[in-house]
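S.K.: Residue numbers (the working numbering), protein chains in the order written: chain U, 1486 to 1910; chain X, 244 to 725.
Derived by calculation from the structure, the hints in this document are not laboratory data. One or more of the hints may lead you astray.
[Said to hold, decoys possible] The list that follows gives simulated cross-link-like pairs (lysine-lysine, DSS-like), each with its CA atoms no further than 25 Å apart:
id	chain 1	residue 1	chain 2	residue 2
1	X	590	U	1532
2	U	1799	X	509
3	X	504	X	590
4	X	307	U	1532
5	X	509	X	702
Here is how the chains run, residue by residue.
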Amino acid sequence: MKPLLSIDAVRTAVQQLPDNGLAAARLAALTRLDADGLPTATHEDWKYTDLTRIVDVSNRWLAAGATTMPVADAAVAAITDQFAASWLVIRNGMVDARSIAKFAQSDVRIDLLSASDKALECDAPLSGLNVALLQDGLAIRIPANIEHAGTVGLLFIDHAAADVGVSQARIVIELEGGSAADFIEYHSSTGDAAHYANTVIELRLADGARCNYVRVQDRQAGHDQTGRLTATLGADSRLQHAAFDLGGNLVRNDLDIKLVGRGSATSFSGLYLAGREQHVDNHTRVDHLVGPTHSEQEYRGIAADAARCVWNGKAVVHRGADGTNARQANHNLLLSAAAEIDAKPELEIYADDVKASHGTTIGELDQGALFYLRTRGLDEAAARCLLMRAFAEKIVVRSPLPAIRQTISEKVAERVAALIVGDAK
Amino acid sequence: MATDPDNIENLVNRRYRHGFVTDIESDSLPPGLDEGVVRAISARKNEPEFMLEWRLRAYRHWRKLKEPTWAHVHYPAIDYDAISYFSAPKSDADRPKSLDEVDPKLLETYDKLGIPLHERARLAGVAVDAVFDSVSVATTFKAKLAEAGVIFCPFSEAVQKHPELVQKYLGSVVPQRDNFFATLNSAVFSDGSFVYIPKGVRCPMELSTYFRINAANTGQFERTLIIADEDSHVSYLEGCTAPMRDENQLHAAVVELVALKNARIKYSTVQNWYPGDENGVGGIYNFVTKRGDCRGANSKISWTQVETGSAITWKYPSCILRGDNSVGEFYSVAVANNYQQADTGTKMIHIGRNTSSTIVSKGISAGHAQNAYRGLVRVMPQAAGARNHTQCDSLLIGKDCGAHTFPYMEIKNPSARIEHEATTSKISADQLFYCRQRGIAEEDAVNMIVNGFCKEVFKELPMEFAVEAQNLLNVSLEGAVG
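Okay, chain X solo, but in the shape it has when bound:
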């Protein structure tokens, strides 16, 4: 994709533009976590009994768990009792029925972010379920989706209206006890998106949610559940920006995808949470569990992510290839600048026959950042004909940063074909020299080369995200070049 060098230069020299806080009165629980808090969260959402029980089971187990330390990241200990576990924009009882009723200040926030709500959303053909802190406040395109039979709503609404689906699928991909952060999320999750695509339906539009952390001292615990029934198809876009602030914020989301027979799910993320300043002060702690289950034959789940934000990223979008002939894909660009730390990758678990997976990971480190790829490819004994190709490349910009790869391959079936390749290098002096002698400024040349390095991943993104991703990349590397 061609990029205008002037544009890049502006972007490179720009500070984090999404750094602002909208001053809206928040209805928060006091900091701390005990059974009472879990009950209070559940009560505020008027949840049915099964949900409360589910949360409490998770909470009781979480109390027995220890925070994992195996990731290649370092951060001061998190005081889980200093976090407020619920924050909702004011007046939960009289929630807006339409956009007109939405707090204009909130809409202004979206406006600043350039989120395509109402007209813009319609033009872009995007339905938006915007999560502002913990409660979804605006949902559009419901009618069009309802016509197709697609359920796309806030998670809390799904709990009320479709409890049977929630009860059947919640925790079926990421079990409550999966890991420390997923268990915490299971206990206190605030809200998120719920999607159900019925049998044979191709979702008429791309579904998009903008997550945004706003109230100070509030952990954000989204929970997203997407179910694609037999022969259905859905593409889901998730984008994140966050206000600038000095205190670290904890974010522990869970995303579960279920693809039944012949279903396809494409999940794209652009993550641009506040990464902290040039000195590593502040920034979001992003501990996310994302997993897709190709439950039916011929199903396909594709993860694409552009990770440019967060002080710390701990995230491994994975695929369980259970159905015969199922396909898993993971395309990732992870950028770490200044003092950012990222430990990210994927897991591909081959269980069905003739399953295949592709992993393309591009890591870019600059400044004092540490960027690690951690991946697992496991072929179970029954997974005849499994195929995996993994490519993970790292680019180093500057002498103080680090790039690491920790790939695991565990192969138990002789008919498997597994290939893994990885490279780490700095920007090629030859390429840079070539660009320079064609009259391209060094900074532009570097941006061009970096964009080229990531091209394989960007081409997997939906069009509007691809453009945003390129811009984000350049902003993220601001100050790293020259």
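Next comes chain U alone, as it looks inside the complex:
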């Protein structure tokens, strides 16, 4: 029998949260969570990812009093110093007020979610859990026709020592008509105890808005994460997104993009590099509600050791969304007999003036290319490393923020090297 989330314990934890503007939303989410429960493997969207571990960690954390541990400033600085960005920091699910203060003079408007009147998205089961246990979150607004210079950093950092930890975080980002902004979302964690982080980002692009967005997840080896990004794109708006999953234990990402305005377009990509017994699941869904709209995605993954990587890409072209283009690509390297790749590229098309395609490949490193590199004097490990980096770099060069590409490229190289060592074990 799989452990069920202890709703009574969640209720108790909800009652202990600060009584702010989120109280009503929390109770509504709790009621819904109680009715629907968390998904199991019988749900098509959760066929390959078992939430037992996450439920177990959550129950232990709730039983231990749902406490939050402090995160050291040094750990925060270790991340923020790597990237040229102005950082908003969320530590163990708690908004760092000092980081908001730094934006006082900026053209970016930042409020606490509890002080805003935003209706929170609660459609997915884990999104409901997120609202129920949310201390507070951030509402970010880029005013109309403002092109924000520089990159806004969103750091989710958690610490779990001695006891289990769980954190919930949510950020609502609104780009008003004709505005533009760049974001980097970074997930990091420290500490040896079990930890589960659940984050939700709601992105709303009004007509003509432009957004570049990069997500990097580099959590501690034993830490689990579920993340969800929902985006709504108005007419002629653009969203470019890239995601890098390097660390963590059980990782599940949901990317849910709705193209609601004519002429809107999105391009997104992802790279997942998994070793050990990591489980990395990327689910993407694009809804083309009107036409013409355009979506393009490419995900690449490497599974080594006993890792399991899942990619499920779905493009839905709704009735009347004529003139739509939807492209999906997914390429995987499977490097070990104990590893597994599951891929599921789906198209659901209800309009006829459509061009949609997907391509998926799964295989090992090209033996011919390996041999060639060996004849040029590279040893086995160096040759493998070079080919894996070349494979991964395709996503790095696609990522939308050129200023941080080099840093990401180095992190990717580091992770690839670690996978090779794991391989040789």
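Fit chain X to the supplied structure of chain U, relying on the hints for placement.
M.R.: Just chain X now, kept in the frame of chain U:
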């Protein structure tokens, strides 16, 4: 393959030509399903005890099952107690010994359908085991096949004459408990074909069965079992047409193929059951479980299907690649027009070493139809050197139809090479423009382009089927163009 445009035009403008009911007295069980019905079916067929027990086990399990809802199809709930589970053409006791004894009305029916029985069959080199509703009434070319040692007979006859083979292989590919519809079939299957190709034999002719649903309110539950022993070879053709009627008819067939060492089985289907009228009224519900087991090393199973009929199609001809170096193939054209719904595809399960599979699926949607490809490629950890290539393309004709793909890839061996590609688009304006400026009428041009789109699959069909398939395609798209 070149197609005469005049011919296509005639076909496009023609209504479903196989829509008629032959008025023959039927011997049916009253509607409803309980243990008594299962016992009655078994008793009427004089089945041995093991068969009855097998049916009853399936029936008892089926009672615990729920109808699956995961397919991308929608239909009103089926009342399984409103269906009659057995219908045999009159006088089971004195079944015809030869074609002369066959009811002339029945032969007339075959004649209308253009089935190559007796002379035509001989000329075409085709042996026909025609299933009319539930009981096989005419079997030809027995002598020639017997000479080669090939057993090709109605399933009910095989149960009597070759119980050891039936007992050994029945349910060994599609287990009784496989799924809702296969379990139902296991309990109440009426009849079907049985084929056994002995060791080292290359079947001297292509084997063909025409299935036809006739009596009203009768579910048809065929069961086909084909066993190709070591080093043997067989090509089996299945074609279907059905009378026009307004009530939905349930069809839940099971086909099991067993290929032993070095054996090859080619299974081709042209399915043209009544799809319902332009408004989606009537039509056959076609819930079929087809699976082949490449049990021996170097064996090969190839499925080719042209699906143009049925109101609802739920069908996934699959291959279990158990033997080392075994090969599985799936070539499919699925056409859905008006209010037809199809959820079809394949499963390739790689278990042996160096196994390979090819999937080519072409889906065409027109009118208000919904057409989905659903496929699974699974490579087990021990399946070193597995190879799969999947191509699934969809063509949309009209703004109200839908085309969907749901491919699953589950890969657990690093030496696997898996490639999947899919495209969905409407007929290219460039191609159409080119044809038009060469003086080809729009409708002909569309038919030509559609035929070209399906060419990869048609070339896998045996010659006589390829011609029929092209015709069927055009008939099926009738009214969808222009």
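S.K.: It remains to establish, for every hint, whether it holds in the given structure.
M.R.: Each hint, compared with the structure:
| no. | hint | in the structure |
| --- | --- | --- |
| 1 | X:590 - U:1532 | holds (17 Å) |
| 2 | U:1799 - X:509 | violated (34 Å) |
| 3 | X:504 - X:590 | holds (21 Å) |
| 4 | X:307 - U:1532 | holds (23 Å) |
| 5 | X:509 - X:702 | holds (13 Å) |
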